[in-house]
Amino acid sequence: MQIKPILSALRRHKAGTFLIAMQIALTLAIVCNALFIIHQRVSHLSEPTGLDEADIFVIQNEWVGTSTPQQADAKIREDLVVLRQLAGVQDATPSNSYPLRGGGWDDGIKLKPDQQQDTTGSTVYFADDHFIDTLGLKLIAGRNFRADEIAAMDVRDTLAPPQMIVTKALADKLFPNGDAVGKTIYMVGGPGTIVGVVDVLQAQSVDRWAAEFAHRSTIIPKRLASTIGTFYIVRARPGQLDAAMKAASKALFAHNPRRIINEQDGLLSFTEVRSRAYERDRGMAILMGVICVVLLAITAAGIVGLTSFWVGQRRKQIGVRRALGATQRDILNYFMTENLLISSAGALFGVLLAVAINLWLVTRFEMNRLSLVYVLAGVVILLLLGQGAVLAPAMRASRVPPVEATRSV
Amino acid sequence: MFAYYIQLGLRSLRRNPLLTALMVMAIGFGVAASMTTYSVFRATSNNPIPDKSSQLFVPLIDNWGPEDAAQNKGEPPEAMSYTDAMGLMRDHRGKRQTALYPVAPSVIPADASLLPIRESSYAVYADAFAMFNVPFLYGGAWQSADDEAHAATVVIGRKLNDKLFNGANSVGREINLDGRNYRITGVMDTWDPQPLFFDPVNTSGFGDPIQLFIPFTRAIDLKMATNGNNNCNKHAGEGWDAWIRSECVWIQYWTELPDETAAAGYRDYLRGYAAEQQRSGRFHWAPNVRLYNVPQWLDHEKVVPQEAKVSLLVSLGFLLICLVNTVGLLLAKFMKRAPEIGVRRALGASRKEIYAQFLIEAGTVGLAGGLLGLLLTGVGVFGVTLVFDPDIARLARLNVSLIALTLLVAVLATVLAAFYPTWRAAQVQPAWQLKSN
Numbered sequence: 000m001q002i003k004p005i006l007s008a009l010r011r012h013k014a015g016t017f018l019i020a021m022q023i024a025l026t027l028a029i030v031c032n033a034l035f036i037i038h039q040r041v042s043h044l045s046e047p048t049g050l051d052e053a054d055i056f057v058i059q060n061e062w063v064g065t066s067t068p069q070q071a072d073a074k075i076r077e078d079l080v081v082l083r084q085l086a087g088v089q090d091a092t093p094s095n096s097y098p099l100r101g102g103g104w105d106d107g108i109k110l111k112p113d114q115q116q117d118t119t120g121s122t123v124y125f126a127d128d129h130f131i132d133t134l135g136l137k138l139i140a141g142r143n144f145r146a147d148e149i150a151a152m153d154v155r156d157t158l159a160p161p162q163m164i165v166t167k168a169l170a171d172k173l174f175p176n177g178d179a180v181g182k183t184i185y186m187v188g189g190p191g192t193i194v195g196v197v198d199v200l201q202a203q204s205v206d207r208w209a210a211e212f213a214h215r216s217t218i219i220p221k222r223l224a225s226t227i228g229t230f231y232i233v234r235a236r237p238g239q240l241d242a243a244m245k246a247a248s249k250a251l252f253a254h255n256p257r258r259i260i261n262e263q264d265g266l267l268s269f270t271e272v273r274s275r276a277y278e279r280d281r282g283m284a285i286l287m288g289v290i291c292v293v294l295l296a297i298t299a300a301g302i303v304g305l306t307s308f309w310v311g312q313r314r315k316q317i318g319v320r321r322a323l324g325a326t327q328r329d330i331l332n333y334f335m336t337e338n339l340l341i342s343s344a345g346a347l348f349g350v351l352l353a354v355a356i357n358l359w360l361v362t363r364f365e366m367n368r369l370s371l372v373y374v375l376a377g378v379v380i381l382l383l384l385g386q387g388a389v390l391a392p393a394m395r396a397s398r399v400p401p402v403e404a405t406r407s408v
Numbered sequence: 000m001f002a003y004y005i006q007l008g009l010r011s012l013r014r015n016p017l018l019t020a021l022m023v024m025a026i027g028f029g030v031a032a033s034m035t036t037y038s039v040f041r042a043t044s045n046n047p048i049p050d051k052s053s054q055l056f057v058p059l060i061d062n063w064g065p066e067d068a069a070q071n072k073g074e075p076p077e078a079m080s081y082t083d084a085m086g087l088m089r090d091h092r093g094k095r096q097t098a099l100y101p102v103a104p105s106v107i108p109a110d111a112s113l114l115p116i117r118e119s120s121y122a123v124y125a126d127a128f129a130m131f132n133v134p135f136l137y138g139g140a141w142q143s144a145d146d147e148a149h150a151a152t153v154v155i156g157r158k159l160n161d162k163l164f165n166g167a168n169s170v171g172r173e174i175n176l177d178g179r180n181y182r183i184t185g186v187m188d189t190w191d192p193q194p195l196f197f198d199p200v201n202t203s204g205f206g207d208p209i210q211l212f213i214p215f216t217r218a219i220d221l222k223m224a225t226n227g228n229n230n231c232n233k234h235a236g237e238g239w240d241a242w243i244r245s246e247c248v249w250i251q252y253w254t255e256l257p258d259e260t261a262a263a264g265y266r267d268y269l270r271g272y273a274a275e276q277q278r279s280g281r282f283h284w285a286p287n288v289r290l291y292n293v294p295q296w297l298d299h300e301k302v303v304p305q306e307a308k309v310s311l312l313v314s315l316g317f318l319l320i321c322l323v324n325t326v327g328l329l330l331a332k333f334m335k336r337a338p339e340i341g342v343r344r345a346l347g348a349s350r351k352e353i354y355a356q357f358l359i360e361a362g363t364v365g366l367a368g369g370l371l372g373l374l375l376t377g378v379g380v381f382g383v384t385l386v387f388d389p390d391i392a393r394l395a396r397l398n399v400s401l402i403a404l405t406l407l408v409a410v411l412a413t414v415l416a417a418f419y420p421t422w423r424a425a426q427v428q429p430a431w432q433l434k435s436n
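So the sequence lines, in the order shown, correspond to chains A and B. For what it's worth, numbering that gives the first Met the number 0 labels the leading residue of the first sequence as 0, then goes sequentially. For what it's worth, numbering that gives the first Met the number 0 labels the leading residue of the second sequence as 0, then goes sequentially.
Keep in mind that the hints were calculated from the coordinates and are not lab data. Since we're looking at a predicted model, the values are computed, not measured. Any given hint might turn out to be false.
Using 25 Å as the maximum straight-line C-alpha spacing, the simulated SDA-like pairs for lysine to any residue come out as follows [claimed, not checked]:
hint : chain 1 : residue 1 : chain 2 : residue 2
1    : B       : K72       : A       : M366
2    : B       : K233      : A       : K3
3    : B       : K72       : A       : R363
4    : B       : K233      : A       : Q59
5    : A       : K315      : B       : D67
6    : A       : K111      : B       : D67
7    : B       : K308      : A       : R363
8    : B       : K222      : A       : R363
9    : B       : K222      : A       : K3
10   : B       : K335      : B       : D67
11   : A       : K249      : A       : M366
12   : A       : K249      : B       : R13
13   : A       : K3        : A       : N332
14   : B       : K72       : B       : C231
15   : B       : K162      : B       : F135
16   : B       : K72       : A       : G107
17   : A       : K109      : B       : E237
18   : B       : K162      : A       : Q59
19   : B       : K222      : B       : Y268
20   : B       : K308      : A       : R207
21   : B       : K308      : B       : T384
Looking at chain B on its own, in the form it has when it is part of the complex (with noise of 0.2 Å):
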């Protein structure tokens, strides 16, 4: 019966050509401008490490007081000074912890005919390539004693390698940076997490993948200024020892609780070294601390472009317009056929029968309407680069899951606007259209 009536359906789709072709366009649009709109939001608001991220932790520690805090809803400067930033390293309460920022070193190839290159670069502790997953096509991060040693190793991305040492096995060999050598200790296999969750305060989220890490304590040896956002509410002082022992905020600060009873054990800490720091006359103000997890730190940071969101929002109300579009032809269509309805019924069709009969025929159309949205889908996540940044505009992609949704969204909705209609339909009288004819 099933097959009968998907026969019917596309038999009756043929009868009325131009009422079909409103419905399917309609749908089709409909699902096609929310599907865009959605594949954008989908990675935008991507969970960049599921495995960890409700691990990994951002502390924030309040430095400038109730007066600052107050035009930002009182909420802590979003980065740390280096004084609280080396306060808790040293307090080492976390599982691993990492301090981090954005550093700007220039890569000299070897060969003297090439020109010296520059990537996205980070400066961190041995910690952060275990805290955040960080894939190794060879070898590995360097040793925490590296760190204590302020040695001079680098982990070098998969990208970088491949113009360097032609993707050979690189680990142990050397490369310049700035005039100075540094030793290979790992090649990063392609490492692209999006939204670069680590460090969505000078990246505003999304960006290249890092092809280069040094250590936080040699950067800092080497008064390796940030490439990132520095923020004062005071003046500094002069010079770069003035800077470093100053409250301005340029550092992100990463730390790996296993659990919830540690996370509690770490508020707990970030309290007392926050009161510690009022009793020692540093702050004149009660501690104001907070401890994010990436996805709470990735919405306190607004990292969703509201750009996707309000498109988002918009083209489901467009979808929701063509659905009333739909509604609208599809009871044209049934009502047109109330005599053949009529036969039907006469000849034994139960209500049942009716109802299945033209929530197919729904079906049909919505699956049509589908094949249609799916193509103009390929183009809309096509065109994404014309309405979003390119950075996000290439994390839309037209996946299997995007194409298994777009069609069970058509066919779902479609029959879901089938209901009404159908029930009209089902509710024909046959003598009525008997009599008549």
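With the rest of the complex left out, here is chain A (with noise of 0.2 Å):
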């Protein structure tokens, strides 16, 4: 194919070929991070909890009238007692957070009682002695607490439990040599022997200020005897989660009415919990995606519209050529080539300009820079768009009669 005559002709449509290039160049940029963008929320509501997920559910139980922590730790006893009697329950845990949450206790970790910057951050998961079993946590080194261990604690009280359990990235953290257990670490309220390490246990947030102990969670023996009220942590037996939420939420009442279960999110599936938790990644990920799908279709549809223009004004020229010994074929290619040379150059600027506004973004947004992997699949499906685009009016071309050489108009 030569390209030389395509150069030329180009030059006489300069507009019309700068048009094509400007929209696929802005449609690379924006498709790019748009892609991106869905990448990056993707992976981050990918991210495993560590729970058993499918069998649990929450119970956020608020207390009425409940003056004191002792009080309030009788009734979370009681209560628990009631929840593990129920037949579709297996097992059940009282908690100050869960992960995905968003909302609970982090504190920092030191590795010297005298330290001034903490180690790391953690988020503090208070923790009965059946916690590990209702979540389905794998203990991988170490052992679980003892029921002789669990004591109540109140919000005010001071946070130093003697034992403690670690996510594995936390003791990677603390001790890279995996010798965590047995060693003292010490959190605000005083130190603390890790006595095991579980496998994965995300933290309560999952926002962008606790992305840096996202994983790096503590268990700890206590029970926080809140008047506000406390979260009941149930696992289903398999099968019977709905059985199960209903049946609890009544037994509840039905032991002490004295307390509010919150309609609307008082009582959550943990698929719900991941869900809300994930609602803005998720829909940044659909509208991302639907912009790209209806912006690529659009500009699928401006190159179709003007390629189809430049043949209509080019039905004589094409006559002409085919008159002279030009097959089918021949049009056909200098159309695809005509579009690939466009596009090419519309896809150059469009690296620039997608790598510039990622670039900018990062600075405004505490966004990743772009991966190199996403510009050459945007550069890729718009080689691939425009030349499917421009098929259907090359095609046409090429169905030329050669006569038309003749006729005036």
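Mind assembling these two chains? They're in different frames, but the hints should get you there.
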């Protein structure tokens, strides 16, 4: 295929050429960044919690007229007996929070008592000896808490648990040699000994501010006796989640009606917890996906429209070429190559634009650097799109009969 | 002539239905995407209290020291300790002031068969109601004397009043919170400022309207824990008393300063207060204080979600591409009619008239695109619930101003896009066109 005649023909259609190239460039810039945002959001929301999510539900239990931590703790213990006795319930545990909840208790961890800066932040999960089994966590070193180690704690008491279980991510951060069990670490309130290590347990928040310690969680052998309320994390027997959720709420009210379980979010299956926690990420991914698809469709339509116009304008020239011996294939190739040239030029500019936009987004919106894979994917998508879009008008052009050369209009 | 050109425009739109449809769709989608995301951006960046946003201020005092501030770009903690909040309340330097924090009392209905309910509640001082322009349906705020008396008074919201008293005037009656009786001094009319400017720290800016206010002094007496964030830089010590004496921050503080002079004076006062704390040995660092008005505070707290900004930017880019697309298609459409233009010019039409005709034609395309865009914006605003938190999505509305803006943007953008193709059309040489025929 001769490129030179195409270029000289394009020189006579500067505006149209520029507009198509421009459109390709802008589309590439936006599609690359949108695809990258989708990738970031989706990888964020696919992070594991470490829980056996399918059978777990959470009750947000708020107390009515409970004035002392002692009262609250007594009620929690009664409730746990009620919950664990239910037929559809495998196990239950009280806690101050759970992964993906978005709020809870975070603390700094130090290796020495006189250390100025924390070694790392960590989400603190209050737990009893049923916590690990209820959540379905995998204990990979050391042991679980013993029942006699669990104690009640008031919100305003000093947080200094004598024993702790940490996640592997936290253990690796603190003790890279893998010998965390038996070591002493320091929270704000004082020292404690690591008695066990669990594989994965995500932090309570998946927001950016908690990203540093996303999987560095600490489990402590305390029941948080808050007068406001408590969470019960409950594991249903396999396949009995719905029934167990209804039964649990009913049994709790039957035992003691002086409580509030909010209608909207007091009783949530973990599936709902997950979908709420990642609402923004999922929404953003959907929105960017929709914009990408519509954008590509509009760009394709634009190319079809402009090329059709060109073909219409050049019917006579095409006829002349055909009369002079060009085959249908030659004409088809001509328009395909022409589009490839324009698209390539547009894509080149688009790559620069995509990187520039990304760099700007990085400074303004705490986004990551665009990976080159997405730029390449964008280039390939747009070149294919251009070729696909030009195919129909080019086919029409190739069917222009040679006799067209002799017609005056 | 105008009507005639519109007629010509409409006829021309019918002549190339495919090209026309492409253009109308491009503009429709572009405008709809921009307007939908704009509706969210507008709602989240809304000024919740326009009359007073420059008179209400959040003072911040660094009670943690430079080491902690360094982790936060030198900013003081975004809430106040009990010690500082009480220090500022005692000094009473603003026109009005209130300390506030979220509490979680249970409302126990008189009818024993009804279950207790919990509404979003705050502990505030009497000044808060006048400061925040809270509208009242019945009665009003409690008095400052009630603050001093640590009185069991309460202001409830309209929704709660409907629930408990079937909407009757309940002023003077009592409600039971956690087993204690509180006298109602006022029932608020619907009060739903969004963003919730008075406490973005604990609400992240959006949420249901507050239904219950009790005196701050009373809440402290009853040792009501905060239902929001509590941040400590070091161990607070054991028990409630140690906690409220600690440097833990958990209180939001607001003051009303009527003008710039008062604000400048308050800034000096804050610096003086911090210097005094340094002299007394409580702070071991130079005063580090801030005074933010409402817009500055909402900006500082990054209330507008990143998602709203990024999606608005992406949508504007989308609109730009749609316009480039429209320029191309209009060019094709107009140049196809070169012979027609040639005839018109030969018959005496001036360039100016060609301009008028084609810009008006583009305007009709824009209007059609705008109408489609309006329809799609309606769908988009409805679909916003899929993308944003329900608390934010409920704020995005299709109202008259958004409708007008959608149409305006569509028509303006299309006419703008039409300038180049129109210029090309006006350049058509009549002689050439006539010759080839």
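To see whether the hints hold, each was checked on the structure:
| no. | hint | in the structure |
| --- | --- | --- |
| 1 | B:K72 to A:M366 | 19 Å, holds |
| 2 | B:K233 to A:K3 | 75 Å, violated |
| 3 | B:K72 to A:R363 | 16 Å, holds |
| 4 | B:K233 to A:Q59 | 29 Å, violated |
| 5 | A:K315 to B:D67 | 77 Å, violated |
| 6 | A:K111 to B:D67 | 19 Å, holds |
| 7 | B:K308 to A:R363 | 10 Å, holds |
| 8 | B:K222 to A:R363 | 42 Å, violated |
| 9 | B:K222 to A:K3 | 85 Å, violated |
| 10 | B:K335 to B:D67 | 69 Å, violated |
| 11 | A:K249 to A:M366 | 46 Å, violated |
| 12 | A:K249 to B:R13 | 66 Å, violated |
| 13 | A:K3 to A:N332 | 14 Å, holds |
| 14 | B:K72 to B:C231 | 18 Å, holds |
| 15 | B:K162 to B:F135 | 17 Å, holds |
| 16 | B:K72 to A:G107 | 19 Å, holds |
| 17 | A:K109 to B:E237 | 21 Å, holds |
| 18 | B:K162 to A:Q59 | 23 Å, holds |
| 19 | B:K222 to B:Y268 | 30 Å, violated |
| 20 | B:K308 to A:R207 | 16 Å, holds |
| 21 | B:K308 to B:T384 | 17 Å, holds |
Checked against the numbered hints above, the structure violates hints 2, 4, 5, 8, 9, 10, 11, 12 and 19; every other hint is satisfied.
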